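Student: The chain contents come next:
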Amino acid sequence: MNRAWWWALLALAIAGSIVFYLLTIPKTLPASALPAHKPDLANGEYMFIAGSCAECHAVPVDKCKSTRVRDKHVLAGGRCIKTPYGIFNVPNISPDKETGIGKWTTLDFINAMKRGIGPGGTHLYPAFPYTSYQRMTYEDLIDLKTYLDTLPAVKNEVPPHQLTFPYNVRRGVGLWQLLYVDGKTFKPDPKASEEVNRGAYLAKGPGHCAECHSPRNFIGGVIASEAFAGARNPEGKGRIPNITPSHDGIGDWTADDIAYFFETGNTPEFDVVGGLMAPVQDNLAKLKPADRAALAAFLKSLPPRPDAVPKKNKSGRDNGHDDDGGDAEGDTGQPDGTE
Amino acid sequence: MQKLLMMIVCAGVGVAICTTAAISAEDLVAAVKERRDLMKKTVAPAAKLGGQMVKGVKPFDAAKAAKAMNEINGVPDKYVTLFPKGTEHGGIADSQIPDTDDQSEAKPEIWENFDDFKAIAMKLKDASAKAASAAEQGKGTFTAAFKDMTKVCKECHESYREKLEH
Chain H
1 MNRAWWWALL
11 ALAIAGSIVF
21 YLLTIPKTLP
31 ASALPAHKPD
41 LANGEYMFIA
51 GSCAECHAVP
61 VDKCKSTRVR
71 DKHVLAGGRC
81 IKTPYGIFNV
91 PNISPDKETG
101 IGKWTTLDFI
111 NAMKRGIGPG
121 GTHLYPAFPY
131 TSYQRMTYED
141 LIDLKTYLDT
151 LPAVKNEVPP
161 HQLTFPYNVR
171 RGVGLWQLLY
181 VDGKTFKPDP
191 KASEEVNRGA
201 YLAKGPGHCA
211 ECHSPRNFIG
221 GVIASEAFAG
231 ARNPEGKGRI
241 PNITPSHDGI
251 GDWTADDIAY
261 FFETGNTPEF
271 DVVGGLMAPV
281 QDNLAKLKPA
291 DRAALAAFLK
301 SLPPRPDAVP
311 KKNKSGRDNG
321 HDDDGGDAEG
331 DTGQPDGTE
Chain E
340 MQKLLMMIVC
350 AGVGVAICTT
360 AAISAEDLVA
370 AVKERRDLMK
380 KTVAPAAKLG
390 GQMVKGVKPF
400 DAAKAAKAMN
410 EINGVPDKYV
420 TLFPKGTEHG
430 GIADSQIPDT
440 DDQSEAKPEI
450 WENFDDFKAI
460 AMKLKDASAK
470 AASAAEQGKG
480 TFTAAFKDMT
490 KVCKECHESY
500 REKLEH
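Chains as they are written, first to last, in the working numbering: chain H, 1 to 339; chain E, 340 to 505.
Only chain H is shown next, with the shape it has when bound in the complex (with noise of 0.2 angstroms):
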């Protein structure tokens, strides 16, 4: 009797790995996915200034949790990101060979950023927002690569992620993909205008504004339902603001003001922007007007929503000591640099 238990657990684990296995089989796309396409080289410039792939990928000036870069085209990673999984080590997407992205073809890259697969079946971390990425065009995805390529190739070997269990099972991320990642390109509303299609392309794509401004339920997906409501900051202590047209986000702004601040980076009360919006605000300064404008008229198409993460108290300091009540989601562990 016993023993017919410990085969039946044994039975039992060996069918949990094979089912876990199968499940965590990482879905590539074929060669035959690509379409025919000429690299348009401005358009993949345009899609880099769009993703803000910089403001995580380019080298920090001296820290490496400084959100400064040194130089925009110098994509040699080494940024740490603290989150409530562990550390990040952003990745080396320069063109080297060696320690870059150098040797990858364009269907690594397109697997990357549509599958979240690296080349070699390795599952990559979401902290690098293919949940958005995965929305943009071939097209856009071919361009992006050619001009990456074209970027300086820098060694630099950025020193492996350092995540607590399970999450330093990379294998595991598999099945957070199957219910996040479906690798399926942006949509046009047919009810929607064609500007705010446009803007909704930007936004939901390359833009991957939701990646910050929505809150994550508790393995770190963004709760679709509470999309654009703002989040608390994953690298700070403060709040992401809710950017949906409510009384509690961006509802008293018009579009030509969300326009403007894209453009300026002043509010409509000429406050000026700040944190990790403003190099993604620098960027957004370099788009077109008309895509600016299409952004905007994109946000003021959402769902008015309540802000996700409620204001603290007037009388905030009651609900703990620290910054932010030490809550996993917004939690970014010990605070650097005080002690």
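Worth flagging that the hints you see were computed from the coordinates, not collected in a lab. Hints may be right or wrong, so weigh each one.
List time: in silico DSS-like cross-link candidates among lysine-lysine, alpha-carbon distance up to 30 angstroms [stated by the list, open to error]:
hint, chain 1, residue 1, chain 2, residue 2
1, H, Lys311, E, Lys462
2, E, Lys394, E, Lys406
3, E, Lys502, H, Lys63
4, E, Lys397, E, Lys464
5, E, Lys462, E, Lys490
6, H, Lys204, H, Lys300
7, H, Lys63, E, Lys462
8, E, Lys379, H, Lys72
9, E, Lys469, H, Lys286
10, H, Lys288, H, Lys72
11, H, Lys82, E, Lys502
12, E, Lys502, E, Lys469
13, H, Lys311, E, Lys469
14, H, Lys286, E, Lys457
15, E, Lys379, E, Lys462
16, H, Lys65, E, Lys457
In this text, all values refer to a predicted model and were calculated from it rather than measured experimentally.
Place chain E on chain H using the hints.
Tutor: Frame of chain H, contents of chain E only:
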């Protein structure tokens, strides 16, 4: 005699140490309030007035624009003296400020890179002076100078401000 002199000196040094060490929590709270008031009550309305003229919400008025920029110009020198240790966000001062809206938005990085922080404040002084004199040369020149000043605001907000509410 010598002993007496020593005692007086010691007492004096003691008092000096006591007074320097005793930056009380109230003083820290006062520093946070004073610098936030400088931003909210002096810089913000002036920037808004200038910005509205640039954006075309209000008609351009050279004299008013120059006055607003001069008001901003008067802030940086005082502002950088209002950052005693303990006034970072979540620091000693904040533990005495019940209303989160009034708490410090200063990132601890300010004290790690105080020279850089001060240098940006001095850039603001320079940029606001330029914007004030640009106002006399018409809206176009003022607009360019105002935008340059905005870049300085942004540089500081990017690295050193922890925006808590909006």
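Student: Decide, hint by hint, whether the structure agrees.
Tutor: Here's how the hints hold up against the structure:
About 34 angstroms separates the Cα atoms of Lys311(H) and Lys462(E), which puts this hinted pair outside 30 angstroms; it is violated. Proposed proximity of Lys394(E) and Lys406(E) is supported: the alpha carbons are some 18 angstroms apart, at most 30 angstroms. Using a Cα cut-off of 30 angstroms, the hinted pair Lys502(E) and Lys63(H) holds, with the two alpha carbons roughly 22 angstroms apart. Restraint check for Lys397(E) and Lys464(E): satisfied, since their Cα atoms lie roughly 24 angstroms apart, inside the 30 angstroms limit.
Note on Lys462(E) and Lys490(E): the hinted pairing holds, with a Cα-Cα distance of about 10 angstroms set against a maximum of 30 angstroms. For a cut-off of 30 angstroms, the pair hint linking Lys204(H) to Lys300(H) stands: about 14 angstroms separates their Cα positions. Distance hint between Lys63(H) and Lys462(E) is fulfilled; the C-alpha atoms sit about 24 angstroms from each other, no more than 30 angstroms. Between the alpha carbons of Lys379(E) and Lys72(H) the distance comes to roughly 33 angstroms, so the proposed pair goes past 30 angstroms and is violated.
With a C-alpha separation of about 25 angstroms, the suggested pair Lys469(E) and Lys286(H) falls inside the 30 angstroms cut-off, and the hint holds. Between Lys288(H) and Lys72(H) the alpha-carbon distance is near 19 angstroms, which keeps this suggested pair within the 30 angstroms criterion. For the suggested pair Lys82(H) and Lys502(E), the alpha carbons sit about 19 angstroms apart, so the restraint of at most 30 angstroms is met. Distance hint between Lys502(E) and Lys469(E) is fulfilled; the C-alpha atoms sit about 28 angstroms from each other, no more than 30 angstroms.
Among the hinted pairs, Lys311(H) with Lys469(E) is inconsistent with the structure: their alpha-carbon atoms are about 39 angstroms apart, more than 30 angstroms. About 29 angstroms separates the Cα atoms of Lys286(H) and Lys457(E), which keeps this hinted pair within 30 angstroms; it holds. For the hint linking Lys379(E) to Lys462(E), the alpha-carbon distance of about 19 angstroms falls within 30 angstroms, and the restraint holds. For the proposed pair Lys65(H) and Lys457(E), the alpha carbon gap of about 21 angstroms is at most 30 angstroms, so the pair holds.
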